[in-house]
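Trainee: Below are the chains, spelled out letter by letter.
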Amino acid sequence: MKKLINDPEDVTREQLEGLALAHPDLLEVHFDPTFVKARQAPEAGKVAILSGGGSGHEPMHAGYVGRGMLDAACPGQVFTSPTPDQMLEAGKAVAGGRGILQIVKNYTGDVMNFQMAADLLREEGIAVRNIVIDDDVAVKDSTYTAGRRGTGTTVIAEKICGAAAVAGYDLDRLAQLCRRVNLRGKSMGMALTSCIVPQNGRPTFEIGEDEIEIGIGIHGEPGVERIGIETADAITEILAGHILDDGPYARTLTEWDPDRDDWVEVEVVDETLVKGDRLIALVNGMGGTPLSELYTVYARLHALVEASGMSIVRRLIGPYMTSLEMQGISITLVKADDELLRLFDAPVHTAGLRWGC
Amino acid sequence: MKKLINDPEDVTREQLEGLALAHPDLLEVHFDPTFVKARQAPEAGKVAILSGGGSGHEPMHAGYVGRGMLDAACPGQVFTSPTPDQMLEAGKAVAGGRGILQIVKNYTGDVMNFQMAADLLREEGIAVRNIVIDDDVAVKDSTYTAGRRGTGTTVIAEKICGAAAVAGYDLDRLAQLCRRVNLRGKSMGMALTSCIVPQNGRPTFEIGEDEIEIGIGIHGEPGVERIGIETADAITEILAGHILDDGPYARTLTEWDPDRDDWVEVEVVDETLVKGDRLIALVNGMGGTPLSELYTVYARLHALVEASGMSIVRRLIGPYMTSLEMQGISITLVKADDELLRLFDAPVHTAGLRWGC
Amino acid sequence: MLTVLTHRQVIVWIERTAEVMKANRDTLTELDAAIGDADHGNNMDRGYQAAVAKLPGDETDVGAILRSLSMALISKVGGAAGPLYGTFFLQASNALKGRTELTEADVERLLETGIDGVMMRGKAQAGEKTMLDALIPARDAFATARGRGASLTDCLEAATEAAGQGMRATIPMIATKGRASYLGERSRGHQDPGATSSYLILKTLTEIAQEGRTAS
Amino acid sequence: MLTVLTHRQVIVWIERTAEVMKANRDTLTELDAAIGDADHGNNMDRGYQAAVAKLPGDETDVGAILRSLSMALISKVGGAAGPLYGTFFLQASNALKGRTELTEADVERLLETGIDGVMMRGKAQAGEKTMLDALIPARDAFATARGRGASLTDCLEAATEAAGQGMRATIPMIATKGRASYLGERSRGHQDPGATSSYLILKTLTEIAQEGRTAS
Ligand SMILES: Nc1ncnc2c1ncn2[C@@H]1O[C@H](COP(=O)(O)OP(=O)(O)O)[C@@H](O)[C@H]1O
Ligand SMILES: Nc1ncnc2c1ncn2[C@@H]1O[C@H](COP(=O)(O)OP(=O)(O)O)[C@@H](O)[C@H]1O
Ligand SMILES: [Mg+2]
Ligand SMILES: [Mg+2]
Ligand SMILES: [Mg+2]
Ligand SMILES: [Mg+2]
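Residue numbers (this note's numbering), protein chains in the order written: chain A, 1 to 357; chain B, 1 to 357; chain C, 1 to 216; chain D, 1 to 216.
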């Protein structure tokens, strides 16, 4: 295992120490339990946006803490969901009196830990809503799986909800907005190589020099299919094809119902992409992928989207949600509208995303 | 070889096509000869800033074309200096009447090609100054080598000179400014792995699972020393040690003398870093290095600088100047002053660097 | 003939399980690498070390001991296993509040309420290739053994035996819950890591009971 | 007895060198991988293909032909080799302007002015482990042979022989110019790629002269 680390048991703590030293103007890092808090939080009169997940996906989520995006992030161990006590302390530290929106990626562990956290925060008198991001079209059904995983749409949702919170949206409206972004976002990824979890010291999966994994997650877990290596164009066509052709995806998600004061199962259905749609695109590098390759993929993606009668009106190209040093990419397309674009364009200043200020 | 590419012979063109499609608001890409031009260039009354070099270092340089940084970039083939005809056409396209500053990394090929380009541009009646960046302290002497290589300081110099050009500096003052940044910037890099040049299809150098290269360049060329693998802290100490302890480095550079209307050899000496210095730091990933590892390195670097009685007042942490998918890092420290900091902080909007707007 | 587990034995169970998780850390992680994300051994090891560190050593209320275990697992394991085992022991601790020793009926209740907690939290059923496929057969075997009048140790042996069978029975299953479910057909042929850790937890308790029998 | 190289033979030289560069692309790149950045073969191949594509086929002025070669190399090779070979042929083309065939004296002048161009552009001397270590001995051997009255072909054979020796003599050298210089001591033991391409260029011209002799 070749990594720029010290003790494999300490990687999460050490990188957060670097983050704190690098961005004292933007954020504070707390340990025991671990959370990253925006410098200016809590802000009275603003809903706080909180997210988190396993480490190893940097800059997500801690790199999105700052102004106009997340108020707090809770990093777990590498590829392991954070624990409820982290969200409890983070939530108490950033709640500004108008409640907390927790943006949760749809992994069994994350969903359960953030639900437990929401329950604990409510015991503290803080209103909390959890919105689950489940956008990975590589997972085809929700009956025989834990449902679609949360991937690239998370970054877009955090940006848009962060801007909406600044704009004064209340918790209800923010939860709706976040759900809308999720239902309009679709992603799919692939890997050329596996990553190595520092504590394990060896690749999570073996893969031949002429093989790639299609439909990979972001935790080094195997994808849904292994195929022979292809050109960038062919790979882009496979991923974009799954996204563009994805039919309405119905599933049941657990959300908090403030009226019934309980968790309820809600049935939601994804929007499908249609001619004329304006899209926000994310061409995401998995950590070990050179930027140049992402631009090669973007060129083909752009052409495919245009050929489908849609257009990409905003794009992020880079390593925004990674899997340690894995080589590979994911593509995310989010159907935009004027409101989403206005919020996407609003100023943001975080370690990982910055514009307008 | 596992890469997201199509034909290895076309990688440069294809990624530039993606760049053009992704950032039509910022830049235009031209082929035959290849150059990338800022959308708004030429701007009357502004010195144009032009740079370039081999491809494979993305986002450098094309990713720094836009507003407040480069007016044009000339990408060569992978790891191969661009050719004078590229700079000639790029220069003609962006010259706004106050001349062109060419920022050139100190590699034999780059230096010669940019000199030939300067001669050609002058034949077109355009004033041109070439400033060479030679900041890589891994190269100890200039008598028995081609001199220090141009590495991370290039990014800082392009940012600062781009802002100064917007602020109205004339060509003379810009050349001086760029030289000053160079004499105040020091870098050193290392690699965990080799990269693979697409056209070659195999790693440029072989390296054992327990070895690292210290003093690596940015072209997959071997470094100055091969040692056993070390912790992130120890590696940071090695690189930072070379930079912080670097004595005055004297060498002869070839610059254009407008008074004598000829190339002249000028002797210049680097400033050394001393207690009380305020530094701009770049912790640069080589393309395959996860951001988390860069932050781990930053934490140690920050502590080392503070222990030396200096302070890091600005920093860039990320893959700013890469070697394809190489895993490794470089560290750059530039001694700042009020003028440099003001220019560094000025708004910039490029694909690879953005703030203030 | 062992008829009860003392609060001391419950504490030893936690300490001993921590050793077992450390010893099996790589095995569990390797199982998770095959169909998950290669962290289950690390998670369980970290969680049980924390549980031992926080153990209220002179506590006599088994409910309180299990609650302390639950809290440690919830705040240190993370992932799916953290909330699931955390909820398992939280529910059990609620059911056993005030007990200073556990009878056969209490141990059955521990399993029953724990499993209810896991099912409530994770919404899985038997046959989905999860820890439940070790836990449910164990509970059933315990109840059956108890029904035919077996000793506590025998009941636990039957439970562990069934947990082991259930654990191995996960090998041919297709996962439909948790991270392994993304693999669909490709999840076949691998033993579920969570079922394996569940088996180890029960096996450790059974060994403590067996030692108690030998000792007494 | 071949006494001159025709403009046609100069064109064939460029075409044939392009084939040689293609055939030796991997070899040259591998040499460059050892002490440089693994592109010299790619660079020379690309440059000579472009030179052939742009060849003014019915041009009779050798100066113009070499100028066209020079421009193609300058605008297509890139790196260090582009400006160096470009300048080599640019200087030679200036010196040979108007010639439709090359005498022994002309070929010597070609080498001489070309080498001056390389030294002016790259500021290197003999012994620095560069293309000059093939070119300079070649020029010297050519001049010596010519001094003792050898034929053009013999002069070229002597030059190529010396270039080959010079090329091999770069193996033990420490590079002090170009990219290989960063390796210092570690540059020892590897043959310089640029010296190798220079040798190939001269060898190709010699072969053409030899065929001319056989044919005549
Ligand atoms: N919904 C569920 N119900 C019961 N057990 C589950 C469920 N989802 C996952 N598990 C169990 O959790 C184990 C994985 O735990 P772990 O690897 O620690 O968490 P993660 O999957 O988040 O990485 C699986 O092997 C399985 O036994
Ligand atoms: N200053 C110089 N003078 C003469 N030849 C040089 C000089 N620097 C480099 N060379 C030659 O150039 C060759 C390398 O060419 P190439 O690999 O194409 O360029 P680069 O080094 O830019 O990648 C070296 O092998 C050497 O022979
Ligand atoms: Mg996990
Ligand atoms: Mg090169
Ligand atoms: Mg796991
Ligand atoms: Mg080279």
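Just so you know, these hints were derived from the structure itself, not from any lab. Check before you lean on any hint, since a few could be wrong.
SDA-like cross-link-like pairs, simulated, lysine to any residue; straight-line CA separation at most 25 angstroms [as the list claims (entries may be wrong)]: (1) B:Lys140 to D:Lys54; (2) A:Lys2 to B:Lys2; (3) A:Lys140 to A:Lys275; (4) D:Lys54 to D:Thr113; (5) D:Lys123 to B:Thr143; (6) D:Lys123 to B:Lys2; (7) C:Lys123 to A:Lys2; (8) A:Lys2 to B:Ile196; (9) D:Lys22 to D:Gln9; (10) B:Lys2 to A:His242; (11) B:Lys2 to B:Arg179; (12) A:Lys92 to A:Gly125; (13) A:Lys2 to A:Arg202; (14) C:Lys22 to A:Pro33; (15) A:Lys2 to B:Glu123; (16) D:Lys123 to B:Ile196.
Going by beta-carbon spacing under 7 angstroms, a handful of chain A positions derived as facing chain B [unchecked claim]: (17) Gly18; (18) Gln40; (19) Glu58; (20) Pro59; (21) Pro203.
Even for Gly, the Cβ is constructed at its ideal location relative to N, Cα and C.
Trainee: Compare the structure with each hint and give your call.
Mentor: Verification of the supplied hints:
Distance restraint check for B:Lys140 and D:Lys54: the Cα-Cα separation of roughly 43 angstroms exceeds the 25 angstroms cut-off, and the hinted pair is therefore not satisfied. Using a Cα cut-off of 25 angstroms, the hinted pair A:Lys2 and B:Lys2 holds, with the two alpha carbons roughly 18 angstroms apart. The straight-line distance between the Cα atoms of A:Lys140 and A:Lys275 is roughly 23 angstroms, inside the 25 angstroms bound, and the hint therefore holds. This hinted pair checks out: D:Lys54 and D:Thr113 have alpha carbons roughly 23 angstroms apart, not beyond 25 angstroms.
A hinted pair counts as satisfied when its Cα atoms are at most 25 angstroms apart, and D:Lys123 with B:Thr143 qualifies at roughly 12 angstroms. Straight-line distance between C-alpha atoms of D:Lys123 and B:Lys2 comes to about 40 angstroms, which puts the hinted pair past the 25 angstroms bound. About 40 angstroms separates the Cα atoms of C:Lys123 and A:Lys2, which puts this hinted pair outside 25 angstroms; it is violated. Straight-line distance between C-alpha atoms of A:Lys2 and B:Ile196 comes to about 17 angstroms, which keeps the hinted pair within the 25 angstroms bound.
For the hint linking D:Lys22 to D:Gln9, the alpha-carbon distance of about 20 angstroms falls within 25 angstroms, and the restraint holds. Note on B:Lys2 and A:His242: the hinted pairing holds, with a Cα-Cα distance of about 23 angstroms set against a maximum of 25 angstroms. Among the hinted pairs, B:Lys2 with B:Arg179 is inconsistent with the structure: their alpha-carbon atoms are about 40 angstroms apart, more than 25 angstroms. Our distance criterion of 25 angstroms between C-alpha atoms is met by A:Lys92 and A:Gly125, whose separation comes to about 10 angstroms.
Only pairs whose Cα atoms come within 25 angstroms are accepted, and A:Lys2 paired with A:Arg202 is accepted, the gap being roughly 10 angstroms. Taken as a hint, the C:Lys22 and A:Pro33 pair is honoured in the structure, with Cα atoms around 23 angstroms apart against an allowance of 25 angstroms. Between A:Lys2 and B:Glu123 the CA atoms are separated by roughly 51 angstroms; this puts the pair beyond 25 angstroms, and the hint is violated. Restraint check for D:Lys123 and B:Ile196: the C-alpha separation of about 31 angstroms exceeds 25 angstroms, so the hint is violated.
The restraint placing A:Gly18 at the interface with chain B holds, with a minimum CB-CB distance near 3 angstroms, inside the 7 angstroms limit. For A:Gln40, the shortest C-beta to C-beta distance to chain B is roughly 18 angstroms, which exceeds 7 angstroms, and the interface hint is violated. Among the interface hints, the one on A:Glu58 holds; its C-beta lies about 4 angstroms from the nearest C-beta in chain B, closer than the 7 angstroms criterion. For A:Pro59, the shortest C-beta to C-beta distance to chain B is roughly 6 angstroms, which falls under 7 angstroms, so the interface hint holds.
Violation of the interface hint for A:Pro203 is found here, the shortest Cβ-Cβ separation to chain B being roughly 12 angstroms, above the 7 angstroms cut-off.
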